[in-house]
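Undergrad: Protein sequence lines correspond, in order, to chains A and B.
Residue numbering for the first sequence follows our numbering, beginning at 1 and increasing consecutively.
Residue numbering for the second sequence follows our numbering, beginning at 1001 and increasing consecutively.
Hint data in this document are derived by calculation from the structure and do not stem from the laboratory.
Heads up, a few of these hints could be off.
What the hints assert, rightly or not - Here are some of the chain A residues that sit facing chain B, going by a computed Cβ distance under 8 Å:
hint	residue
1	Gly-45
2	Ala-48
3	Asp-52
4	Ile-59
5	Ala-64
6	Gly-262
7	Thr-263
8	Thr-411
9	Leu-606
10	Val-627
11	Ser-686
As the list claims (entries may be wrong) - Computed far set for chain A versus chain B, every beta-carbon distance over 10 Å:
hint	residue
12	Thr-93
13	Glu-355
14	Tyr-366
Cβ atoms here follow ideal geometry from the backbone N, Cα and C, with glycine treated the same way.
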Amino acid sequence: MKKLIATFLIAIMTILPTVLAATPLGTFPGFLGSAGTLDAYVVVGSDALVEDVVGAADIAIRLAETSYTAQTLPGVSACVDNCVEKEVSIGATDISSSTYFGPSLKQVRIAYLKDASFDVGGESKRYYEQIMVPTASISNDYTAYNESAALALTDGGTPWEYRLVFAEGFNMTDGSYDNTNPLTLELMGKTFGIIAFGDDTFTAQIGDQIDLDYNVPVTKGDFTYTLTLGSNTLAVISVTGPGVPSGYSASLTPGQERTITGTDMKIKLVSVNEFTVLNTIRATIIVGSETQKTFSTGDEWPDSDQWKFSLTINQGSGDDVTASDYIGVQYIPTVDEGKYIKPSQKLASPNDYVEILNDGYTVSKYAGLTIEPKSSVTIYDDAEKAISGLSGKNGFKISSDQKILGLGYKTAYIVFNKTGSDVTATLAYEDPSKSNKPIFVSSQLIISTSATDDMTVDVNFEDSSKYTIVLVHDENDYNVSSTFPTIQLLGMNTAGFNDVNVTGNFHFTSSLTVKLGETASTAEAADVVLVGPSDSIGEQESGIIYDKWGTIIKDVSTNADSDKLVFSIPVEQVKVKVAIGKPGATSTGGTYNIIKKFNYRPLAKLASEITSTERASNLVIVGGPCVNSLAAEVLGLTYKTCGTAALTAMGITAGQALIKNYDQTSGKVYLLVAGAEAADTRLATSALQLDKLAANTNSAVIISGSIVSPVITPA
Amino acid sequence: MSIFNSKKGVAVKLNKRNVVPIVILLVILVAFFVAYRSGFLFYKPYQPLLYANISGQILKFRDDLREADKILVIPNESTIRKELFNENVNNITIVFKPNTTKENAYYEVEVIEIVRILAQTYKIKITSQNVIPVDTYENLNATAQNPVIALISPAYANGTDVRLEDHAVFIEGKDFKSFDLATIKFLMSALEISL
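Bound-form chain B, shown alone (with noise of 0.2 Å):
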């Protein structure tokens, strides 16, 4: 590979004397090379990766989608997302068991942020009609035509995870960061962001 602009050569005429510091320039150089393509170098900060593009548009996300990933998703993403984004569905409803102000407060915010980002991506239209208060999250009623999603806030859960169970997918957090890394987790699992 010849390198732009390195056209003209140099005459360097090696003799006991230069050897010995051109070695050791040399090895400096090496060492410099193999520390800057480690990262050793110029070490930086962690940064969370809180942006992702959608055919185009850039979304933000409230917290690092590289923590969101690591959530575990049952059975996966895609059997998650194909249960509620197909032809089929009519319609999708948001329950939510409340608890304590503080607690209501981390619904709200999930609610939204799972509201305006399907409605950006998927068009589709979730109102306070769909957004319903439970008792229990046994008996949902859940339907291929009409899923439901479950947000499950600290309090109630029993770990971190997102899961499908008879077409209701249900977003648990043992505490609100976890929390709202489970919701993430399934808006990436709902708009197939992969990192």
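Extracted from the complex, chain A is given alone in its bound form (with noise of 0.2 Å):
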């Protein structure tokens, strides 16, 4: 009875991980946090071999890069007054040429951005704002951006920038501005009381402004503020967060700072005023890591990475401020996810004050095109009667919802009729006004040492976008030929737009019918190819934009798995609309992911290390059971145990390495990441570091092969 118990627990126990795991992995690292928080400890083994040390770097890289926050659009529009909206081709190397943006918007094109003056001792001086175009392309580049033509910051190029440009040169100590009496401004809509200017330099106080009533907590981040006790010269401040000692509260008087104990968070009193008629006090202070500043160029901007100064200041006239000086703040984005927009998304710089938007395509008219394997079809002649030879025969069949083939027809068939070693192509066209029979249009010699010729389909869709459908002509005779029949979908025939086609790789059966690549019913990359750049995408899991014009190939291994090719063809060319400026009313939404700091759990620990509380986290944990007992734990073993046995547990064999989640009934998951030996984990976590698993539906994968090109099945 004992022995029947302990097989069934061994059972569950090698059985339950396997029903929990669940959460896919392709959106690794995301379920390890929540809203772009982290929330996982990587649990080492407390025995590591050399493989694991080295690999280590790739999970802290990995999780350390994917710090970001997605947020979801109010949605773009058309510009009304606060924006200027270009409509830019496909392949547009730089917005910012004149033919679009032109380097630099100021007020007279983008009404927001001011044009105003401050007082230096009684004189009137000029201040301007100007927005920087950056220099940007319009990319296609499917790798990055799938289906979509996104905005793309280049590399080494213009970058996006605010600049507040003093028109005219000026004295601080002529306004009497100093550390009492800062020089305010507003810069990119954030306000700077400006203490002095130095050269390529200026000092501004900093931090968050708090204003205090007595004994109403006030939460600004992580910490709590309360005004507990003072008077017109001293307020009494309690603070309370992360490190702060229990019962800390700090005096200040006027202009006083202090550090908040346990933080390295400064807290400094502006002023305070006893209000004796309401019976209560009042007390302004600034708190930040700083509270004042002394900002020059490459400096982050205040709370965002992404944003940095750049400042022209010249102190050599003698003047703090010389015409023309300006403070710039640069966007310098730091992941390659930051430098591209697609349609429907917006960067916005800090405090949404500018905006560069995608606003979508120019075209909304398509006409979809299906080319695909058809079997049994007659072909019949004018008269309606089937042509002898021609009945039952298999081939293509391309069909549109709208009437762009040939002369104005929704469907064609392309037959073929074996004769010897040689094939013969017979195309016709699907008459509406003949019972939506096929009626023979031509016939071509395909296949043969004497074939010489391929066999056109045109496609016009509303006489503006005209393509080839081409079925190569094969110089071989048919036992011979491997590949055949090759389909191309030509691009646009206009110069500078055909830039790129699409071949689909057909193959025959024994009976003539048509499979696309050498397995039907199965997307292999080498079954459809994008002519140009030689890249094989049967495997392209979204769609692609592949050429200048936007033809789109849709969804391309999806359909190649039921052997089809899909496009849709645009009534024009496409452009994208891209708008500088604050939007007016919106239209569609959507989401995009911001780059911003946020806090860390410490992330590595020893699997000795990890507490119950810890356990209750996402875990990704590095080492199989031999060498890490959280391991061995979730896959139902003792500690330690190698060889076979954690192979077999493992589901792996020599040479490979399993990757599995394991979620909790807490919400949380638990990441296995161990190889069969210690160089197979580091090829593990190689893979996550460079994202071989990006959209991986699996929730476990077995990984094998090299670093470079590692092989991926579901576990």
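Two independent chains are provided; combine them into the complex using the hints.
TA: See the structure below:
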């Protein structure tokens, strides 16, 4: 009986993780946190080999790089008063050229940008705001953007920049501006109290300003501030938050600054007032890692590591600021995702002061076009009589939702007839005026040592976009031909737009039926090829905008699984609407990722260090049951289980590694990354770092092969 | 200084009978106040300082920053920071001398801590290509453009410190906790965290 119970328990422990494993790996590392905040520990074995140490870097860097927050856009719109919009062609290399926006934008083109003045000793000094347009292209690189034409900032080009330009020079002392009377200016929507200027620097009060009423707690970030006591000359502020000792409070006189104990946060009292009539006290404080800072070129904008100052302050003339000096703030994205904007997405500066929008495409009318195998087709003559020898033939069906084929048909057929080692193709259009029967158009010797011409089908969409479908002839006899029939949809027959074409590599079976690729009903990379870049795209899961005209091949691998090619043909050239400024009324929204700083848990823990509390977090468990006790636990094994027993439990063999998600009942996930040997674990960590599992829908995979070319199969 | 909400006065008539209790009461109050301000009252046990605010982001460390702050840095924190984080640096390599599986695990923990914090704060990308096992800590070929972070586990450590020699930063600890603290001290130097 005991043996029976033990067997039952072992079976349950073996099955349970499999049952619970459900989170797809393709979303790694997003499932290890929420709202862009990482909530995970990397648990390394208390025993580790050299490869484990090396591979640990890959896990850490991948997690650190993915610090983002997905933001839902309120939607984008055509510009009204507060922005400029241009229609930019796919392939355009620079939106800052005079063809589009030009190098900069001021109030005359974007109304809300300031052109104003401030007082310096009774004299009015003019300043204005200016947006420097970035060097950016409209790119349809499918490897980065899928079925999108994105606005892509150019590496090494002119960055997107905000500038506040001083049109006239001045001295701060002439305006009595100093520490107690700062020059207040708004930079990109944020108020700065400027205390002083230096050569290419300026010093300003910074931090978050908080107004406090007596005994009313105010929370800013992770900290809560309460004015507990005070007078006109003193305020006592209690502070709670991470690292702050219990009961901590700071006594401050106006202008005084202290570091909050247990943190490097500073608190500065700006003012405090006792209101006898109201029977209360009010105080204004500034809090932050700094309350006063000197900014120079390269310094980060407060609370944004994507925006950095670029200053030109020239004091050589004797003035603190010389005419045409400026305070610039540049957008310097630190990750690739920050460099492009897909349709219905935008990049916004701090305070949303200025935005760059990809407002979508200029074309909304498309014709669908499908090329697929078709069996048992009978071709008729003009009298609607079946043609002898062309009954029940196999070949292609080409169909559209618009009358774009030949002289205005929606459906065409190409069927094949074999005589000896020659194959003849016959083209017919399905004619609505003749009972929708395929009516004979022409025949062409297509496979033969004497074959000389291709068979072509014209595609015209409202006479504005002409494509040609080409069935390529083969100058071999049928018995030695291995890749025929190759079928191409040529791009626009207009110079400059036919830069890329698509080829479908179809194959015959013995009965002259057609399949896409060597294996029917299975997407393979070589099934579909982009001619031009020579990219094999049969396994591409998304669609692709493949030429500068804006032609789309849809859902490539999904359709290739059905041996089909599906296209969307635009009625005219597609352009991208790009807007700079602030949008007005909204249309459709979307989501995009912004890169932001967030709070980290300590990532690395030895398995022996993990507490019960930490077990309630997401865990990345590195190493197998022979080196990591937690790995042994999730696999239902005792630590250390090595050798064949370990491999059997993981379902792998020598030279393989397992990456598997174990969903916990708490909603958290344990991600096991373990190889048969340490080198195999390294292979798995490398696959994660290189994002090789992107879009993988499995919750468990086996990795083999090499770091450069890992082989990934569902476990 | 007039204290808030203390507007109403209280009249007290003094004589020999009530002066003594009032004086005793005042002495008790003063003693109470002194004890409170000096921390003897409401004694709280020592709390490790695990967090640091780096330009608005809260980083949590594996161990006490105060303890780590005591670790010796040669020549000093700012020199180490400038050596590793300046515009001339193209690449940073982490090296370690493998030992037992237990000591290798220590390396693994410290590698993760260094990589993730430098990536998050300085956007420095150190991947497995830049983590290299070595046979010896001599002749590491560190240069100004390619400085090296050398991790020295307790088995090979001569003490606990962080030191810069010929463009290589050596981090060593005589036991795992010390090794941890030395790594944290290195990161404090890198991030300009001063207590």
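Undergrad: Run every hint past the structure and note whether it holds.
TA: Hint-by-hint comparison with the structure:
Hint status for Gly-45 of chain A: holds, given a least beta-carbon distance of 6 Å to chain B, under 8 Å. Restraint check, Ala-48 of chain A versus chain B: the minimum CB separation of about 4 Å is within 8 Å; hint holds. Annotation: interface hint on Asp-52 of chain A holds; nearest CB of chain B at approximately 6 Å, less than 8 Å. At a threshold of 8 Å, the smallest CB-CB gap from Ile-59 of chain A to chain B is about 7 Å, leaving the interface hint in force.
Hint status for Ala-64 of chain A relative to chain B: holds, with the closest Cβ pair at about 4 Å, below 8 Å. With a least beta-carbon distance of about 6 Å to chain B, the hint placing Gly-262 of chain A at the interface is held under the 8 Å criterion. Interface hint at Thr-263 of chain A: satisfied, since its Cβ lies 6 Å from the closest Cβ of chain B, which is below the 8 Å cut-off. With a least beta-carbon distance of about 53 Å to chain B, the hint placing Thr-411 of chain A at the interface is violated under the 8 Å criterion.
Contact between Leu-606 of chain A and chain B, as hinted, is supported at the beta carbon level, the nearest pair being about 6 Å apart and thus within 8 Å. Satisfaction of the interface hint for Val-627 of chain A is found here, the shortest Cβ-Cβ separation to chain B being roughly 7 Å, below the 8 Å cut-off. Below 8 Å, beta-carbon pairs count as interface contacts, and Ser-686 of chain A has one with chain B at about 6 Å; its hint therefore holds. With a cut of 10 Å on Cβ distances, Thr-93 of chain A stays outside the contact zone with chain B, its closest approach being about 27 Å.
Its beta-carbon lying about 22 Å from the closest one in chain B, Glu-355 of chain A satisfies the requirement of being farther than 10 Å from that chain. Every CB of chain B lies more than 10 Å from the CB of Tyr-366 of chain A, the least distance being 41 Å, so the non-interface label holds.
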